[in-house]
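Top line first, the protein sequences correspond to chains P and W. According to the numbering used here, the first sequence is numbered sequentially starting from 1. According to the numbering used here, the second sequence is numbered sequentially starting from 106.
A hint or two may mislead.
[As the list claims (entries may be wrong)] Heads up, simulated DSSO-like pairs for lysine-lysine below, C-alpha to C-alpha not over 30 Å straight-line:
#, chain 1, residue 1, chain 2, residue 2
1, W, K392, P, K102
2, P, K35, P, K60
3, P, K90, W, K394
Hints are computed from structural coordinates only; laboratory data are not their basis.
Given next are the chains, with one letter for each unit.
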Amino acid sequence: MSTATYAGVTVELNDEGFFEDPNAWTPEMAEEMAKAEGIDALTPDHWKVLEYMRKEYFEKGTGPTVRVLGKNSGVDVKALYQLFPKGPAKMAARLAGIPKPKGCI
Amino acid sequence: MTKRIVILGGGTGGTLTANRLHRHFKHHRVDSEEVEIVVVDQDNQHLYQPGLLFVPFGLAHDQDIVRPRKKQLQHGIEFEQTGIDHVDIHSDTVYLENGRELPYDVLVIATGARLATEETEGLTGPGWNEKVFTFYDLPGATALEEKLAAFEGGKLVLNVVDMPIKCPVAPLEFCFLADWFFTERGIRDKVEITYATPLDGAFTKPVASAALSDLLVEKGVNLVTEFNTGEVDGEGGKLIGYDGREVEFDLAVVIPLHSGQEYVGRSDGLGDDLNFVPTDQRTLQTKAKENIFAIGDATNVPASKAGSVTHFEGDVLVENIIKFLDHKPLDEGYDGHANCFIETGFGKALLIDFNYDTEPLPGHFPAKVGMPLLKESRLNHMGKLMFQWFYWHALLQGRDIPGIGATMPQHGKEHPTPTPEGASA
Ligand SMILES: Cc1cc2nc3c(=O)[nH]c(=O)nc-3n(C[C@H](O)[C@H](O)[C@H](O)COP(=O)(O)OP(=O)(O)OC[C@H]3O[C@@H](n4cnc5c(N)ncnc54)[C@H](O)[C@@H]3O)c2cc1C
Numbered sequence: 001m002s003t004a005t006y007a008g009v010t011v012e013l014n015d016e017g018f019f020e021d022p023n024a025w026t027p028e029m030a031e032e033m034a035k036a037e038g039i040d041a042l043t044p045d046h047w048k049v050l051e052y053m054r055k056e057y058f059e060k061g062t063g064p065t066v067r068v069l070g071k072n073s074g075v076d077v078k079a080l081y082q083l084f085p086k087g088p089a090k091m092a093a094r095l096a097g098i099p100k101p102k103g104c105i
Numbered sequence: 106m107t108k109r110i111v112i113l114g115g116g117t118g119g120t121l122t123a124n125r126l127h128r129h130f131k132h133h134r135v136d137s138e139e140v141e142i143v144v145v146d147q148d149n150q151h152l153y154q155p156g157l158l159f160v161p162f163g164l165a166h167d168q169d170i171v172r173p174r175k176k177q178l179q180h181g182i183e184f185e186q187t188g189i190d191h192v193d194i195h196s197d198t199v200y201l202e203n204g205r206e207l208p209y210d211v212l213v214i215a216t217g218a219r220l221a222t223e224e225t226e227g228l229t230g231p232g233w234n235e236k237v238f239t240f241y242d243l244p245g246a247t248a249l250e251e252k253l254a255a256f257e258g259g260k261l262v263l264n265v266v267d268m269p270i271k272c273p274v275a276p277l278e279f280c281f282l283a284d285w286f287f288t289e290r291g292i293r294d295k296v297e298i299t300y301a302t303p304l305d306g307a308f309t310k311p312v313a314s315a316a317l318s319d320l321l322v323e324k325g326v327n328l329v330t331e332f333n334t335g336e337v338d339g340e341g342g343k344l345i346g347y348d349g350r351e352v353e354f355d356l357a358v359v360i361p362l363h364s365g366q367e368y369v370g371r372s373d374g375l376g377d378d379l380n381f382v383p384t385d386q387r388t389l390q391t392k393a394k395e396n397i398f399a400i401g402d403a404t405n406v407p408a409s410k411a412g413s414v415t416h417f418e419g420d421v422l423v424e425n426i427i428k429f430l431d432h433k434p435l436d437e438g439y440d441g442h443a444n445c446f447i448e449t450g451f452g453k454a455l456l457i458d459f460n461y462d463t464e465p466l467p468g469h470f471p472a473k474v475g476m477p478l479l480k481e482s483r484l485n486h487m488g489k490l491m492f493q494w495f496y497w498h499a500l501l502q503g504r505d506i507p508g509i510g511a512t513m514p515q516h517g518k519e520h521p522t523p524t525p526e527g528a529s530a
């Protein structure tokens, strides 16, 4: 575990850089984290995805996979990779302050 | 009046559920009524799917692994051969493709998973069944047998498009067997084998993933991780990832995306976005309605899509259907137990055993003296081969396999020593 400070607030992150507590997250933190990951500014499409990620997490207990994101977030898979080049499911989960999506077993 | 249990799907889960329920309800009534059981399936060919792994290498043939479905069902169970149009969960009725309407008291969804080849661009385009194959169905596995026998060398790529898939270890087994096969044929040095997976390692669970990665290295199989296939270019001979990475091949063996069945999507309130059926992971009652239960690959429970899982789920499922009809509370008994032999080539196999809470660990199964876990052995290979006999004669019949229970045994497993607080792992 480690800590990081985003938008002036210190938060706890796990070994892979995901939020320990999704409730500690604020939209301002996402803007700052995005810059650190090489995204200059979060566009409305980025936000569509981040909001969908959080909604799914709080409803289902895990973030969606890339495939479900492509079907339901309103952004198709190709565009998702343009928005989040390092892998949409993981990168968007990190920026949305939720744990790494469980994927499957 | 009679009560009716309708079981959709006469594969692994549907058959074992029908036989177990039949054995019980032959002698028991519900609210002083008899209980009849109807199984619906679109065809009469029961395929032993674990056998598909061996077909491409000439180690099994279609006549060895297919039997009539109806014959696996005990006398007294009705078998209806037709497709399913949709389920109306509000009026408790299944609408079949042959026009029959089938009202039910209890419904069991056991229709498995579907290969969604159409969801990957180019997969079934030019080169399909010439340079690009799958072994996840019988026509594909059979076509691949011919191709492998004639293969003279080049780049062989095994690709999993995305999870979930049936039997998540089968693609690894394919790589191990390919290593053995080309060694036997004397051309191993001419074949480059690559495993391209969307996961960040060889397998989903850390301890097993590390052991399996080592085995890939030992057998000279390249591992490409976090690869999400966006397109298959059969003509150009390359897989193109969504992130722009390319993996070249002379022969690609692709495990397509899996979905639930299309009728689930046509049944209002039954399935999720991928047509899997949201199901309670401990009771196996669906979230759609209290008189609908589900088993096997058709559910969304976070366990492997495997025959062993289906088998163990069957114990709890049948007990809960009986409880439900007797107006008793359900048992939260399913622990996610899975048990898989992993064929590693050269007459050896490895065994893994795990559940929702315990990842596959080294040790022995089912107790301290037994088959080695997470370690190659001939005994495990024999186990894998014997499993087919158990499948037809014990598992489908709903009989218990000696020594293998629904809940995961803890005896014999070597748990990693917990790292002291604060120390880095
Ligand atoms: C290559 C391969 C290797 C495998 N190896 C192993 C292994 O080593 N060990 C292991 O434990 N598991 C293994 N499995 C997985 C195992 O076979 C499945 O998990 C298991 O069969 C699932 O049972 P099920 O009842 O859920 O589905 P299935 O057995 O697939 O049955 C589903 C049934 O529903 C019917 N159906 C579907 N849709 C409709 C419709 N619309 N109308 C009418 N009928 C319909 C189908 O015809 C089918 O009979 C393997 C699978 C594959 C593909």
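Here is how each hint holds up against the structure:
1. K392(W) <-> K102(P): holds (20 Å)
2. K35(P) <-> K60(P): Holds, at about 29 Å.
3. K90(P) <-> K394(W): violated (33 Å)
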